[in-house]
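Q: Residue numbers (the numbering used here), protein chains in the order written: chain A, 1 to 345; chain B, 346 to 626; chain C, 627 to 961.
It is worth saying that the hints were derived from the structure and are not from the lab.
What you are looking at is a predicted structure, and each value in this text was computed from that prediction instead of being measured.
Every residue gets a Cβ at the ideal spot worked out from N, C-alpha and C, and that includes glycine.
Each hint should be verified, as a subset may be incorrect.
Stated by the list, open to error - Residues on chain C that point at chain A, a partial pick, calculated with CB under 7 Å:
(1) K650
(2) Y723
(3) S725
(4) E873
(5) E874
(6) I877
(7) S878
(8) W889
(9) F891
(10) I898
(11) A909
(12) E912
As the list claims (entries may be wrong) - Each pair of labels, with its calculated beta carbon distance range:
(13) A:L177 - B:Y358: 42 to 52 Å
(14) C:I668 - A:A318: 51 to 61 Å
(15) A:S182 - C:N918: 28 to 38 Å
(16) C:N663 - A:S182: 25 to 35 Å
(17) A:I319 - C:N663: 22 to 32 Å
(18) A:F313 - C:K667: 34 to 44 Å
(19) A:M16 - C:N919: 40 to 50 Å
(20) C:K908 - A:F332: 34 to 44 Å
(21) C:Q880 - A:R245: 53 to 63 Å
Unchecked claim - The list that follows gives simulated cross-link-like pairs (lysine to any residue, SDA-like), each with its CA atoms no further than 25 Å apart:
(22) B:K361 - B:C351
(23) C:K905 - C:K917
(24) C:K908 - A:T23
(25) C:K689 - C:T676
(26) B:K360 - B:K422
(27) C:K907 - A:K339
(28) A:K339 - B:A436
(29) C:K905 - A:G119
(30) C:K908 - A:A127
(31) C:K908 - A:L47
(32) C:K802 - C:E669
(33) A:K339 - B:T438
(34) B:K602 - B:T375
(35) A:K44 - C:A911
(36) C:K689 - C:E669
(37) C:K905 - A:V64
(38) C:K908 - A:P56
Now for the letters of each chain:
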Amino acid sequence: MFTNLRSLRLVLILLMLLVIALTILGVLQGPADISLSHIGAIFKQALFDTLNSDIPNWQRSVIVDIRLPRVIIALFAGASLALCGLVMQGMFRNPLASPSVLGVSSGASLGAVIAIYLGFSLVSAWAIPLFAFIGAGLSLSVVYRVASSRGQTNIATLLLSGVAISALNVAATSLLLALSLSNWDVARMIIYWTMGGLDGRTWDHVFIILPIVLSGFILLLFHSKQLDLLLLGEQHALSVGVDVRRTRRNLLIISSAMVGASVSVVGGIGFIGLVVPHILRLLLGPSHRYLLPACLFGGAITLLGADLFLNSFFREQAIPLGVVTAALGAPFFLFLLIKQRFVLS
Amino acid sequence: MLPLSCIKLAFSYNKKPLLKNINLDFKAGTFVGLIGANGSGKSTLLQLLLGLLTPQSGAVNLNGVDIQTQKRRDIAKQLAFVPQSIELPYAFTVQALVAMGRNPYLGPFELETAEDARLIQEAMLKTDITHLSARSVTTLSGGEKQRVIIARALAQQAPGILLDEPIASLDICHQIETLQLIQSLTQSGKLAITALHDLNLAASYCDRLILLGESELNKGSGQPYSGRTIIADGTPEQVLNQENLAAYFSINADIIKTNDKISLANISPVKKHQNKEPKTD
Amino acid sequence: MNNLKLVLFTLFLMFFISLIHFKKGALFALFPEGNGNFTTKIEGQGFPKTLIDTTGIKFVLKKPPERILSATLASDHILSGLINPARLVAVSSYVDYPSLSNIVGFYDKSIDRTQGEIESMLALQPDLVFVASYSNPETVRYLLRSGIAIVRLSEFNSFADIFNNIRIIANVTDTKALGETMIENLQKRIDFIKMQVKDKKPPRVLYYDLNGYSVGGNSLMDEAIQLSGGLNVAGGVLADGENKISEELAISLQPDVIVINQWVFNQAEGQISPLTILKNKKAWAEVPAVKNNHIYAVPGTWLRSVSQHRIKGVEAIAKLLHPEIQSYPEKSYVH
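Please build the complete structure, drawing on both the sequences and the hints.
A: In structure tokens, the structure reads:
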């Protein structure tokens, strides 16, 4: 574990470099064959307004309007999920808490499906994120109320209430899908939306997720000390002056907004919120001053990496992005459970 | 100055009454011991005094103002708390944990100043954990963890410190050291309210004892149970008499007075149901 | 003692499995899979006819069926052009959905609608049931077990398949002459288009579903584009049938024409259409089809149809690709 200041800073810088590397890779790679020199010229044109007539306009469209927003969205959606996982693990004092495990992602999904079903998604680009935020917030507050009594959170109650809420959300989504079958086009929209992924995302989506994630991150930085103190337990935190109820409420709102934004843009993607904060905590220790930026980078790297992986090797199959993260995350979750089992007993 | 008092305090949990009619006044520079059998409400009373719990009736006043209306940060500058449970599953260093005691004085992004660092070092010195400062708290023993929490409360530099069974998992030498430390704090002006199990230690070190238990008026009177209240409040000599020992601790003991301090010896349990001695002859 | 129980349990399991294996079909409602083409074969010129299911189960249809249950949209449509509706006891509930059906309102309300629920289907006491390869396999199993004559249709990839299906349905409902007329007419209309577009340069066409799907070869849509005198740009790039296509790939194909499904559910109120959505996507701005405003929305019910109504979709596309061609002289044909 890297505990001294220099290695902490080193790890952060390394993560940042990895983000940049993957970003570049993401822009270079895609099903359309665009040469490196073209890409370079396109960027020059975009930044310095120099005209280059050799490059077909459609290539510019692909780079600027498809690949670039896609990469940015992957970065911020991943970051958002990892940050929310970190916050939830702090709020509930449990390394098994994450947006997907606690039913928050499925709540956001349900909200989005409701928006599609009622036709609001065709009216405004903000309809889905808004409904996703409401769904995420409701699910999280229910889980929170059920699992916390007098400041203690029982792990089993927490996970089980997450399972229950998840099941409820998924059932409701299925219900809506069944109800929509008489309208074939809406049904198809719902089905393909729930599969998630980064296809077809535009700059509109970027403008939805970017401000929410960035402002969420900055607000969380303001709470980094309180996040540390919450880890000690409610009584300890209160005794050193933390307004636990208000802090928890703020954290709840911020993480719901971030999960809502992320799910509304890329669909339900699981396990990033579980795995990334946990690994980084093992590497960097529990102090949120470093964990917050580390999770920002780590989540971004994970999601973008998963997407690049899918597109490089499995381009033909319509494999949902969530499958890759689940394939890696689920075994990790089991491993965590086993480790915890010995600690608890 | 730190006037801390409570008036007609009553508390119940899930409709079950726990405490009733608690009226107390605390002065600076006193070492107060809360004693009573298990479940007599010592922890609850401490939490009420800190404003961590909301009473059903009555109020706790800190500096003349109802504690429920004050901000936690302000309360933390007046009262420090050493809770009973010390689960620390996260790998903070001892230094970082003690530094958390400075939280009420720092903004969200402020780093510790030299003065903060000095106070932290001093706190660690007083609790004899300086040699542990770089260790991760997950590697400490129960007793060491307790001292870390006490150090954190010291670093808080609050004029009042409330402790819930602070010496429960300590070796006897550390028990004595801790009690002596608290005593020296009260002698230099702090108020300390401590829940204690060990009657002898309580008698030795506390200036004032408060005994909690079910009031006589209720026992066997047929009236519905209405919670524990203050049975006795005064010097150890006044509180630890034979009747109280028998009634609230179920023990008989010789009360020995040495140099103005009392201690208990020959402690034996009170026989609950006195059977007639079988006739021998 | 535990080991003995385990052995006994395993033996019992093995016995049970072999029982199922050998007695399947007779005792258990499990049938050999058969693979690929599930279409029912029909033997016999006149009645009685023998229907041979792909599992090998045979039915004998003694006379033309008078209590027909049509459980699929395809058969609903084809039957609408062949038989007297009085011979139907039920049609599929989809026939009333405007987003899927080309014959909304054709079947009187007095004819039951089925949702594929087996008990209600059996209660109608049909003497012939039409199902498809995409029907619920549990329902099909039940029907096979219950001794009711069923006809399964399974190929839906080209007009040749549609003709074949029409022939099968006509054969088994004793409307062979009408069936041949239907096919002849369709063929005439197809030939009419073919002849007119024969020497014209085929534009590059992309069929695009906003959810990110297009079609490869060996599919009705691919054939429709080709018959209309166009070139399916996704044909060489995607696998057969309907497949996912990334936006990037679709754009890089630079189609001259884009054909999409027109929605039904909100067009009455003049709300947003998929056409507008695609036109407004900035990433597509440089695609020739968008630049020259050659994006067209064709009613989804025509494009999705696997019955005789499909010809409407083909004719519509042909007219869009080659506006100068003539429409087939309208002699009320397909209703």
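Q: Which of the listed hints are broken here?
A: Numbers 1, 14, 26, 27, in rising order.
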